[in-house]
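Chains X and A supply the protein sequences, listed in that same order. Read left to right, the first sequence gives residues 780 to 1129 (the numbering used here). Read left to right, the second sequence gives residues 780 to 1129 (the numbering used here).
In short, the hints are calculated from the structure, not lab data. Do not rely on the hints blindly, as some may be mistaken.
Copies of one chain are not kept apart here, so a pair can be met inside one copy or by any two copies together.
To be verified - With a cut-off of at most 30 Å between alpha-carbon atoms, the simulated DSSO-like pairs for lysine-lysine come out as follows:
{"no.": "1", "residue 1": "K982", "residue 2": "K926"}
{"no.": "2", "residue 1": "K1105", "residue 2": "K814"}
{"no.": "3", "residue 1": "K982", "residue 2": "K821"}
{"no.": "4", "residue 1": "K814", "residue 2": "K982"}
{"no.": "5", "residue 1": "K1118", "residue 2": "K1018"}
{"no.": "6", "residue 1": "K1105", "residue 2": "K1118"}
{"no.": "7", "residue 1": "K998", "residue 2": "K814"}
{"no.": "8", "residue 1": "K821", "residue 2": "K998"}
{"no.": "9", "residue 1": "K1118", "residue 2": "K926"}
{"no.": "10", "residue 1": "K1105", "residue 2": "K821"}
Number of protein chains: 2
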Amino acid sequence: MSLEKKDGNVTIYDIAHRAEASASTVGAVMNGTWKSRRISEKRAELILSIASEMGYSRNMQASALRRERTHIIGMIIPMYNSRYFSSIAQRFEHEARARGLFPMVSCTSRDPELEQATVEQMLSYRVDQIVCTGATDPDAIATLCEKHGVPAINLDLPGSRGPSIISDNYQGAYDLTRGLLSRLRARDLPSEANLLFVGGRPKEHNTSERVRGFRNALKDAGVAQEPDLLLTCGYARHKAINALDELSASGRRMPAAIFVNSTESLEGVMRWFRSRADQNINDVSFGCFDWDPFATFINSDVLMVRQNVVEMTDILFNWIDNGNVKHTDVLEVQPTIVKAASLEAMMIED
Amino acid sequence: MSLEKKDGNVTIYDIAHRAEASASTVGAVMNGTWKSRRISEKRAELILSIASEMGYSRNMQASALRRERTHIIGMIIPMYNSRYFSSIAQRFEHEARARGLFPMVSCTSRDPELEQATVEQMLSYRVDQIVCTGATDPDAIATLCEKHGVPAINLDLPGSRGPSIISDNYQGAYDLTRGLLSRLRARDLPSEANLLFVGGRPKEHNTSERVRGFRNALKDAGVAQEPDLLLTCGYARHKAINALDELSASGRRMPAAIFVNSTESLEGVMRWFRSRADQNINDVSFGCFDWDPFATFINSDVLMVRQNVVEMTDILFNWIDNGNVKHTDVLEVQPTIVKAASLEAMMIED
DNA sequence: TGAGCTTGCGCCATCGATGGTGCAAGGCAA
DNA sequence: TTGCCTTGCACCATCGATGGCGCAAGCTCA
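Start from the sequences and build out the full structure, keeping to the hints where you can.
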């Protein structure tokens, strides 16, 4: 077929030529099906040695075109700049490779259009599976995937058109809020109007569940919830900063305890405190829904919710391996609360 | 060709059938070359509307097989769990997409074998370009890429067989060391035997340059460098922990200033301090080669080297866009030193 | 010794998109 | 009315790997 290397890439035809064999024989040897095709061991060895000598590399584009499968598994994820999501991406890649799959991760900035466009591109490359992590509109993505017959699994945020693995956001938020209330008590400070919630999107499942946990914890403690102390302003840093600016401009005294919904928002909160000479970080008890090893140093009074990335990804691949998950499955994984300044806050591996 | 959808994926043949046109006409319309192929506007519009109605999605495997290019640009990177690398990955994806390229990022855990295997897989998928970030053996990877005629660019760590964009590690380390010495002076503490270097790999370019900067700063300040206070034990957390354990077991008093080579190692150092009741984090001035927004809270005396990810990726894509970079090019980008507890330490965006 | 089985391999269509080439119909000028 | 050019499209080989099918040679057993 070719006179050996046109563009530097060796094909099975080049090898066939050198080995005086047919391309299909070479192909069978290269993809490991040669035994079932009754190629003699002698021939297989010869071909293998020629192939490695010539530096053959299977063209996965061609292979994928002919077979049904690309062995690529795609994942979209909001960002890498957060310990929670970066751990998910790392473990996902590791586990995918352990199964002979090629991971294709792409971060989509919590932007619904970018999410859709990215998934469409992944489908265009004919990925075998898609994992949607923290997708803003999981159902739209599930619909896209269905059209292509590609199974999709939701992670972190649930969808109604596909199976989902998420944290128990309600319980985590409930416990975190109780922890903050208990800190206020320990500091001999009033609970009333002294606990602020910042960050997250009000219409998103995780945030609304966390808000529910926050509210119920307050209610169960007999503390009134002040509507203007619930700032679901979005996750972005600058949104948290703006929200705090507005709150303080409104004349509110800054509460002595703050529930921050994600490390992303926490960055904004920290920046805001540093920018305000009239505010002291050490006067505040922080609770953050998400964990970061260094955020445990913000002050001596930080609580963090650590979502169980290891268990979540284990379940994810369990589902992927078995493939027989129902569309309606939603699995909630318990997060754990860690106290900053505690050893265990630093000890958990990811 | 097909009786419309075998597996749910619409092809140009299906559309051709419905539009009563040839597949090549449909193909030309779908990939935008229809004007040069003199397809009438009427036909093009009809085909486009049918295509969107049928939910056509171009099969990139087939397209890539036929054309030379896949429009995929690969990147390997050591990890995502570090602000420096995660920022690089995020910006890389963003810039790649802005150019119509599909980014394929994969983290390879500073494991040479995994790096090679991953690059081979990427080459197997016929990526158009590869960016090697922090590769442990950039030249081996460059050799692989050369064989396939795929251009490779090194980022963060330089290689001799391809162009490289790196930080000015020497200068950053020199300045950081001077900063630490100045902190010791400000604290009225002796400089002699009071400054420790932890983390990194001695044979790796970045670490050796940083060590050189560290040593020269000591020398220029007239301070003797104690060999056992130079612990290039690797980057991993547990390696830093072990190194500190050994140091303290040797009877050395813990120095009052520590140069930590990466946030990864810094995590280990922090864990070590938390695990030791006889050590107080607040007695130590920290300098970290790398930046993390929350690490600035470790104590009130932290200096961080912030590598200029924005400029580095800008140059990277400048090179990619122009493509005429010499193999010997090594571009050094200046990092900046930020003081923790300063506002600017929180203000720089990535 | 011939029917039937096993071994070992080659032939060829196929996956979907692409682009070179060919060709008919219509237009226009001489 | 002939020759030539433009317009608008279809035909078909091709990219590389894959696997169903066929077939010849050797082997076995009645």
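Have a look at K982 and K821 and pick one of within, between, both or neither, based on CA distance no larger than 30 Å. Result: close neither inside a copy nor across copies, 65 Å intra and 44 Å inter.
Indicate which option fits the pair K821, K998 if close means a Cα-Cα distance not exceeding 30 Å: within, between, both or neither. Neither: 77 Å inside a chain and 65 Å across chains, both beyond 30 Å.
At most 30 Å between C-alpha atoms: does K998 with K814 qualify within a copy, between copies, both, or neither? Intra 69 Å, inter 67 Å, cutoff 30 Å: neither.
When no copy is named, should K982 and K926 be tagged within, between, both, or neither for a Cα gap of at most 30 Å? Within one copy only: 26 Å inside a chain, 52 Å across chains, cut-off 30 Å.
Quick one: K1118 to K1018, C-alpha cut-off 30 Å, is that within a copy, between copies, both, or neither? both (26 Å within a copy, 25 Å between copies)
Using 30 Å as the alpha-carbon threshold, which applies to K1105 and K814: within, between, both, or neither? neither (37 Å within a copy, 47 Å between copies)
Give the relationship of K1105 and K821 under a CA distance limit of 30 Å: within one copy only, between copies only, both, or neither. neither (48 Å within a copy, 45 Å between copies)
Copy assignment of K1105 with K1118, given that the CA separation must stay at most 30 Å: Neither: 37 Å inside a copy, 52 Å across copies.
30 Å Cα threshold - placement of K926 relative to K1118: Classified as neither: same-chain Cα gap 46 Å, cross-chain 52 Å, threshold 30 Å.
With identical chains treated as interchangeable, where does the CA-CA distance between K814 and K982 reach 30 Å or less: within a copy, between copies, both, or neither? neither (56 Å within a copy, 45 Å between copies)
Comparing the model with each earlier hint shows violations of hints 2, 3, 4, 6, 7, 8, 9, 10; every other hint is respected.
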